[in-house]
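Chain order of the listed sequences is A and B.
All residue numbers for the first sequence refer to the numbering used here, where the first residue is 63 and numbers rise by one.
All residue numbers for the second sequence refer to the numbering used here, where the first residue is 994 and numbers rise by one.
Hints may be right or wrong, so weigh each one.
As the list claims (entries may be wrong) - Beta-carbon label-pair distances, calculated as ranges:
(1) B:VAL1121 to A:PRO414: 31 to 41 Å
(2) B:PRO1033 to A:GLY76: 48 to 58 Å
(3) B:ASP1276 to A:PRO111: 25 to 35 Å
(4) B:THR1146 to A:HIS520: 20 to 30 Å
(5) B:MET1030 to A:PRO414: 38 to 48 Å
(6) A:ASP522 to B:THR1146: 26 to 36 Å
(7) B:LEU1332 to A:SER549: 32 to 42 Å
(8) B:SER1115 to A:LYS349: 41 to 51 Å
(9) B:LEU1332 to A:PRO414: 43 to 53 Å
(10) B:MET1030 to A:THR243: 42 to 52 Å
If you are wondering where the hints come from, they were derived from the structure by calculation, not from laboratory data.
Don't be surprised by glycine CBs; every beta carbon is placed ideally from N, CA and C.
Listed below, chain by chain, are the residues.
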Amino acid sequence: MIDNFLAGTATLFGDPFTIGVFVFGVIGGMLFGAIPGVSMLTLAAILLPFTADLSPAQGVMLFAVIYCTGTYGGAITAILFNIPGAPENAPTAFDGYPMTKKGMAGKAVGAAVLCSAIGGVASALIMMSATEPLAKWAIMNIGPPEIFALVFFGLAVASSVGGRTIWKGWLSVLLGLLIATIGQDPVGGINRFNFGFSDLAAGIAFVPAILGFFAVSEVFVQAEKKAAGKYEAPELSVDFPSITELWAHKIAVVRSILVGFFCGILPGIGATLAAFMGYGEAVRWAKDKSAFGKGELEGVISSETANNAATGAAMIPLLALGLPGGALTAMMVAVFQMHDLEPGPLVFYNSPDLIWVVFAAMFYANLSILFIGLLETKTILYLLKIPFQFLAPMILMLASIGAYISRGLVLDVMVMFLAGIIGFFLRRSGYSIPGIVLGLILGKIGEQNFAQGMQMVHYDLGTYFSRPICTILVIAGILTLAKGLYSAFAPISKETA
Amino acid sequence: MKKLQKKSMSGIVTALAVAGFSSIAYAEECRISNSSMVKPGGFPDRALTMVVPYGPGGGSGQVAAAMAEAVTGLTSVGINRDHKPGGSGTVGMTAYMTSQADGYTVLEHIDDASSAHALDSSKPNPAVDLIPLVISQVTFSQVYIRTNETRYTDWPSFVAWVQAQDGKATIANVSKEGSMERVIMKFITESSNMTIQQISFDKGAPRYGALLGGQVDALFEQPGDVRKFLDSDNFKPILTVFGERPAAFADVPTHVEMGMDFEPLLRFRGFYVHKDAPADRVDWLKWAFQRAYCEDSYQTYNDSKFMNVIDSYRDTDGAIELINAAIDQYRGVYKEMGLDVK
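So that you can see chain A by itself, here it is in the shape it has in the complex (with noise of 0.2 Å):
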């Protein structure tokens, strides 16, 4: 493994246009992660017909490279702005813009670039090491019955995220999943809650969702305190985590390697529900879980670890199998058959040396994560002088571009409005904004999941619970959600005393 690794590197810096194009997928890629709407996927199809004229170690390295660094992108404006680059960076804005209103901005982003790259290079150094073993132990025993508990698993702490009460945590959850059924079902195609829509039969969008109940109901919650003479601009701080702190999340970084290596490895799952399942899993296992959604650095620490740690193992079933896990790697499908190739088993046997400069180039593009993370991070900050009454308008014209941008369709900017106006109600009266996405998202997959594993398992839940994965991640999952539900009534059972 040693020596092909070096091979790698040596055919990736050996020369110095396929040097110039990774530092092209390094810088690209995390530019049009941090612009909300115009994502890694943005670049990576505009990219797509140029990659002809690369070789095809170049054209493959370039989309690795771009789907490691776009990844942590989006957490910069998660973090300064509450508005996530993309889907995965969601769950870096629940904890990552309270901190930027607390005045810990510095300590937020430089967790985020900290654990992005520990996460892409831990993710990258098991993909080097096993991929093809891992990619054949994940469909061999990972299907849909199995997703969908991950899913349930997963959904039964979201409760504990950002409510004023459990019973308002929940409610937003449901309220997430009502709205994750608009469209068609995933099995049948029947559609549901349309209104004779057809741009709704798509069901509501990730992107202008978020982008309304993060960044538009933010713009209105300060635009109120304004109005009122309360609003106090978030206090510049450049400090990053000390290595105390940061050592003080050790088990949280290595839970959301693992959970987002997981997640990753998946067919058609990928960085998205790593993060919501990283995120989870560090409410899951946290002493005060109520200090989650209000500015908790593990809460940063976690989704960004484990949403980088999915951009390797998401190249695990491509590269084993030819199985894409999402959108940038169905496209690095294209860019091989480009080439006049095939990701997959034979891809090992046929070009070794293309498939180790990709490895090479995805350890260095996370490596890079790392410095030039912390060279531009300092300077980012600035943009929080910014007055409010600049910054607001600001906000809503990037948010309004990311909505529209995604599907060019002016439906998806209404909803992101419509999602800011009710988020801002909601949040008034104490629900949970994390709660509804989380919910809006998970539910997505896990219906899907859920039809699937029902019909495969003929609806019969003895079959279903045959499955160990399955039991174990229910009955956990129902556990979770008795213990929080036991902590909702003990406080009544005591003042009732």
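Fit chain B to the known structure of chain A by using the hints.
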């Protein structure tokens, strides 16, 4: 079923006429197209927009990219692809129908547009409300199993095994209400006297992963989409749903040979423009897209996707014929299935 089969017999004739016997004529027509054409009134003097109602990574996204590249290579006119996925293509179609009919915006779509119109006539009819520029991919479906499968190795043993499972065997496909996949699976299961649980996966990767990992027992798919698994010897076809054995799959029996008497519905992908677009612009677009089909870059792409196994080319008239035949077929089948045909 008998009534349906009788209807299907005439349909088979139509399908063969359209898909098989006319192929040489269409190929000739393609080859004799003029290699250049004067731009009418300077049209187009800027890049075209191509609305693609599916994501960039799937079959439609890829064919749109390949055709856009070929048209640009031929004419030096850029094409911006605008992906509007969702709702089995309805979101993109709706958006396209509200765009300006000036010829600058074209549409990529698949046979789903025809089946959607067959089920609900208020939906756009691709042969009437749009002008087909070219249909550039026509393909058939197959049933696949894992190559290392030991429980069954061919179609007869697969049917016997499924029958013994008492409805508990599974097949992965895209079995949305009224889809080509669901309709063909209905024919297959009825003709073979078997019950099989269809598991619908809307994305390719989980669908193929389900068969690779043994989560399902078989897969219903088109050969171009699983070529890499065929080349790597992970999957093998055990049934071809087409009137005759394509040369590339000469050792795989057809559904007709296996005693199934129904018309094979085909998957087709093509490019369209508004019916109200100026006629001279439409003529130029027809030339550009039909000629681009013959470009080396596009043919290489089609070859890589098994899209030249049967004739994939339909010019405007051929496309209208294919679409009308498909709509008639689907409408008859939907009524037979008891669906609410509007």
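Tested hints:
In this structure the supplied range 31 to 41 Å is violated for VAL1121 of chain B paired with PRO414 of chain A, their Cβ-Cβ distance being about 53 Å. A C-beta distance of roughly 52 Å is found between PRO1033 of chain B and GLY76 of chain A, which places it inside the suggested range of 48 to 58 Å. Between ASP1276 of chain B and PRO111 of chain A, the C-beta spacing of about 27 Å keeps the proposed range 25 to 35 Å intact. Checked against the hint of 20 to 30 Å, the pair THR1146 of chain B and HIS520 of chain A passes, with Cβ atoms roughly 25 Å apart.
Judged by the Cβ atoms, the range 38 to 48 Å given for MET1030 of chain B and PRO414 of chain A holds: they are separated by roughly 47 Å. In this structure, ASP522 of chain A and THR1146 of chain B meet the distance hint of 26 to 36 Å, their C-beta atoms being roughly 28 Å apart. Range check, LEU1332 of chain B to SER549 of chain A: about 50 Å between beta-carbon atoms, so the 32 to 42 Å window is missed. Range check, SER1115 of chain B to LYS349 of chain A: Cβ separation about 58 Å, and the 41 to 51 Å hint is violated.
The hinted range of 43 to 53 Å is satisfied by LEU1332 of chain B and PRO414 of chain A, whose Cβ atoms lie roughly 52 Å apart. Our hint of 42 to 52 Å for MET1030 of chain B and THR243 of chain A holds, since their Cβ atoms are close to 50 Å apart.
Checked against the numbered hints above, the structure violates hints 1, 7 and 8; every other hint is satisfied.
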